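> Sequence:
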Amino acid sequence: MSSPQHQSHGLGADEMPDHRRRLLSRSPHPYHRKGQQQQQQQPPPSNTADPSPRLPSSAWSRSSRTSSDSGTEADDESTGILKGLPPAPLRPRKGLVLRSGWGGGHERGETRNSWLLPLSLLVRASSASRSSQEEEQADAEAAVEVRRKVRRRRRIEVWRRLFETGLLLSVGGVVLLREESRRLAWSWRKELLTYLATVSGLYALYPLCIMARAKARSRLERFRAFRVPSRFDPAPLLYPVLIPVYVALSLTRCPALLFPNIVLALASLPPAVIPLYGWIHGQSIVHWIVTLVPIVVSEHLSVGSAAARPLSLRDVDSEALTLVFPFYQALIPILDFLLTTSLLPAELQLLTTALINLFLFAASPQAEILKALLWLGGMCIFVACRPVLRWEIALARIPTWKFRRSPSGSQAPSPKRILNVMDHKLCEKLSRSGSQDDAGSDSDAPNGGVYRSSRPNMTIRELLRGRPPAKGHARAASGGGTVDDSITTEEVSATTMTMTTTTTATTISSNSKQRRHTISTFEEAVHTTERVRTTPGGRRKRSMAPGLASFLELTAPQAQVRKWLYALYVYFAVLGIIMGPIRLYIAHRALQGADPFGWALGYLFGNISQFRFWVLVLNLERWIMLPPRLDREVTATSTSTSTTICLQGWVEHVRQMTFGAATTRLLLSGYCTVVVLTGLAIVFRLSTVVEVDTRRKVFHGMMVLMFLPTIFIDPAFCALALALVLAGFLLLDLFRASQLPPISRPLTYFLAPYVDGRDHRGPVIISHIFLLIGCSIPLWLSLADVPRTSSPVGAPSAAVGSGGGGGGGGGGGGPWAGWDVLSRDVSMVSGVICVGMGDAAASLVGRRIGRLKWFWGGGKSLEGSVAFTLAVFCGLMVAHAWLAVGWRQTTTSSSSSSSLGGLFWTAGKALLAAGGASATEAVLTGCNDNVVVPIVFWLLVRGLL
283 MSSPQHQSHG
293 LGADEMPDHR
303 RRLLSRSPHP
313 YHRKGQQQQQ
323 QQPPPSNTAD
333 PSPRLPSSAW
343 SRSSRTSSDS
353 GTEADDESTG
363 ILKGLPPAPL
373 RPRKGLVLRS
383 GWGGGHERGE
393 TRNSWLLPLS
403 LLVRASSASR
413 SSQEEEQADA
423 EAAVEVRRKV
433 RRRRRIEVWR
443 RLFETGLLLS
453 VGGVVLLREE
463 SRRLAWSWRK
473 ELLTYLATVS
483 GLYALYPLCI
493 MARAKARSRL
503 ERFRAFRVPS
513 RFDPAPLLYP
523 VLIPVYVALS
533 LTRCPALLFP
543 NIVLALASLP
553 PAVIPLYGWI
563 HGQSIVHWIV
573 TLVPIVVSEH
583 LSVGSAAARP
593 LSLRDVDSEA
603 LTLVFPFYQA
613 LIPILDFLLT
623 TSLLPAELQL
633 LTTALINLFL
643 FAASPQAEIL
653 KALLWLGGMC
663 IFVACRPVLR
673 WEIALARIPT
683 WKFRRSPSGS
693 QAPSPKRILN
703 VMDHKLCEKL
713 SRSGSQDDAG
723 SDSDAPNGGV
733 YRSSRPNMTI
743 RELLRGRPPA
753 KGHARAASGG
763 GTVDDSITTE
773 EVSATTMTMT
783 TTTTATTISS
793 NSKQRRHTIS
803 TFEEAVHTTE
813 RVRTTPGGRR
823 KRSMAPGLAS
833 FLELTAPQAQ
843 VRKWLYALYV
853 YFAVLGIIMG
863 PIRLYIAHRA
873 LQGADPFGWA
883 LGYLFGNISQ
893 FRFWVLVLNL
903 ERWIMLPPRL
913 DREVTATSTS
923 TSTTICLQGW
933 VEHVRQMTFG
943 AATTRLLLSG
953 YCTVVVLTGL
963 AIVFRLSTVV
973 EVDTRRKVFH
983 GMMVLMFLPT
993 IFIDPAFCAL
1003 ALALVLAGFL
1013 LLDLFRASQL
1023 PPISRPLTYF
1033 LAPYVDGRDH
1043 RGPVIISHIF
1053 LLIGCSIPLW
1063 LSLADVPRTS
1073 SPVGAPSAAV
1083 GSGGGGGGGG
1093 GGGGPWAGWD
1103 VLSRDVSMVS
1113 GVICVGMGDA
1123 AASLVGRRIG
1133 RLKWFWGGGK
1143 SLEGSVAFTL
1153 AVFCGLMVAH
1163 AWLAVGWRQT
1173 TTSSSSSSSL
1183 GGLFWTAGKA
1193 LLAAGGASAT
1203 EAVLTGCNDN
1213 VVVPIVFWLL
1223 VRGLL
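Counting in our numbering, the sequence shown runs from 283 upward without gaps.
Incorrect hints may appear among the rest.
[Claimed, not checked] Computed list of lysine to any residue pairs in SDA-like fashion (alpha-carbon distance at most 25 Å, straight line):
no., residue 1, residue 2
1, 979, 946
2, 979, 945
3, 431, 1144
4, 707, 832
5, 431, 1133
6, 684, 662
7, 1191, 467
8, 979, 1033
9, 711, 854
10, 684, 666
11, 1135, 1156
12, 979, 892
13, 472, 639
14, 707, 663
15, 711, 701
16, 979, 1135
17, 431, 452
Keep in mind that the hints were calculated from the coordinates and are not lab data.
In this text the structure is predicted, and so the values were computed from the model without any measurement.
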């Protein structure tokens, strides 16, 4: 009989028996109703009392938990998701019998208290319905909030992109403020209007095409089909299309640059905006036709009374312009293959446009040398070293343990095997390894280190049992045993995985003593081909690249020696390319037939009397070209020379008369070397004290100290030095990315602390390269628009040459033609000021005290942008003062600059240029700010100052 307290009708939940409370409790599987129908059809159990004693509630629930209630599924009980769910169905647990009454009572106990269960279920169902309605309402409110945030984010992004577009268009208006630029634009007005109409029409037609292709019935649905994504990046639509034209309009001394850059700008249009792109055999025929539209309009359409002039009369080759687009389309895949994902699409297009301009219009000696280094050297290295570099990278990707074991004489001798054994022994002596564990690979450890095993060679049976290796197996490992040497690492790993599921003895006998040349059945062949290789954890193994499989036949010493052989081949090939085609090209195109190395010695040491004496004594003047040296007698007899030097300022007088041009270059080289060594010492000293971002800005300060005071002293020499350093950076990064020993690993360790997220996009570390390019491009562009001397200052045939050429193809000055410029400009140092001062100030200030963010979000702060503006403004004013004091040259007229009002006017325009560059740096996302922002700043400086 049941106890009296169990028969009372006012029984609370806390007074319920443990097993009845368990029936009403929640389960991690509330809808798991397996066996519920069978339980309802079962007859009622007997009314005999349960002989087993009742357990406490906690202990009972713990002991009766099934395997499915543990782990992550059991954690769901503590969450709030199941609070509104109905109770679990009544079902017996393992080892328990469902009783009719409470605590083993009679059937009348169930009848007496049967009203409690439906009442509790009704209460729970009503609470569950209320909670479900509340959850639905909360979900609806959350969805509305998410949609509101998405619309707000899209609206902010649209305003941001409109601001970026308006800012870039305003830069074009600033470019046209110069009278020379307006005259140049007016002379090419027909082509410019065609270019603007084509670009605007294609951009306006693109959303109309999207809406026309939309499968919608009403016009409103078609209009909604075109949506601007919240993460839309307009950089490929703006910068490659507009910046080349802006730069060509700023270089007024080279009017022939404008029309080819219009064609290049049209070639940079994204393929998606071109109608019917890829319609004809998957080729960009329509895009090519779009680039030919300005050519047809220029030659066959007349404006007003003026007849159309052929392009040949304007120093433009129409046939070459026709082939610009195929040239552009052929160059982009090559650069994309070399750089993979290191550059964004807009950066890749700008790089392609710059390289094509360098290839077509290089005329000055500095431009010819840069063209030889980038174009000729890059093509020669690509053709001569591409397969070897691929082999080197393939070997570096294979861990050491994947290579074959040392060959032995257990198999039948054959000529191929004898050569393989001889090769292995020779490689062992050369690599000084003695075993396969000593040959390291870059893939052996996650951090780039070499994985070395300190355990002896053991069989699988001995490895599992923990025994030392047997003598026979030791002899086999050393080369004289009977173990099958043809077994590979994959077979060993497969054997190890099989041993975990089967017996050890059966697995070893089936894998290590397998008969050769046996005919397998059809089922075995199918099972072998369909077998999926997995890791010990159960994941499917990645298939090895086809280029790596052939290298697994090598042993570790053979792989190590081949790495060094490939590296030596690349080093000697690069040296041969420098001494061969590059040297000959520079001698013919830039130095009027003089040897580049001998010319460089005279270029640096030509004003030293002892050096000149020994060159004459040793009869080396045919190899080492000595520049004319100025002295008092020359200046006294040459009135034009003294007048030219005096007009250029006292700094030029000291450079030419006191030290000499060559000695000044030598002093500048020594000064830059001291700055570099001091900066590196500071970086290493602060490596344990200051964060990485601050140490990165030390390199920016080094660029400012090196080039801000020296560019005005000798612009041509600084341009040459920057070109050589850029070529060296690219070559070193090629060696590092190709993992060529012995310099790849030290370079990686040195650059690792200074990389950022942009460097992890691809194999090329671009931070230091873009820093150098950002400082160099404004100087190279400014030198293309200044007058040059056709011979050194002081020579009898000194004369002023054209701004774009300057000695590339002829002149009376011989190898020294075009190596002196007659004017300086503030825009020459705009890149150094923007990257070295503005970017560093924005980063240092914004990271530390930046609190107010721009309205579009992101990591840019208003404090950092203000710091950028002030730093760039100070740099511009210092450069303006240095240019005015040292060279008697100003960017404004002498009447306005001499007064206080003219000074304030200059400061206002400098502040406006600095603010435009700062706004561009804050809004820019689709390009690297170390490259695009200096170009925009150069355009602003050229238009305002």
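> Hint by hint, note whether the structure agrees.
Verification of the supplied hints:
no.: 1; hint: 979 - 946; result: 29 Å, violated
no.: 2; hint: 979 - 945; result: 31 Å, violated
no.: 3; hint: 431 - 1144; result: 23 Å, holds
no.: 4; hint: 707 - 832; result: 20 Å, holds
no.: 5; hint: 431 - 1133; result: 22 Å, holds
no.: 6; hint: 684 - 662; result: 34 Å, violated
no.: 7; hint: 1191 - 467; result: 23 Å, holds
no.: 8; hint: 979 - 1033; result: 14 Å, holds
no.: 9; hint: 711 - 854; result: 24 Å, holds
no.: 10; hint: 684 - 666; result: 29 Å, violated
no.: 11; hint: 1135 - 1156; result: 24 Å, holds
no.: 12; hint: 979 - 892; result: 42 Å, violated
no.: 13; hint: 472 - 639; result: 22 Å, holds
no.: 14; hint: 707 - 663; result: 33 Å, violated
no.: 15; hint: 711 - 701; result: 16 Å, holds
no.: 16; hint: 979 - 1135; result: 22 Å, holds
no.: 17; hint: 431 - 452; result: 31 Å, violated
The structure fails hints 1, 2, 6, 10, 12, 14 and 17 (numbered hints given earlier, in ascending order).
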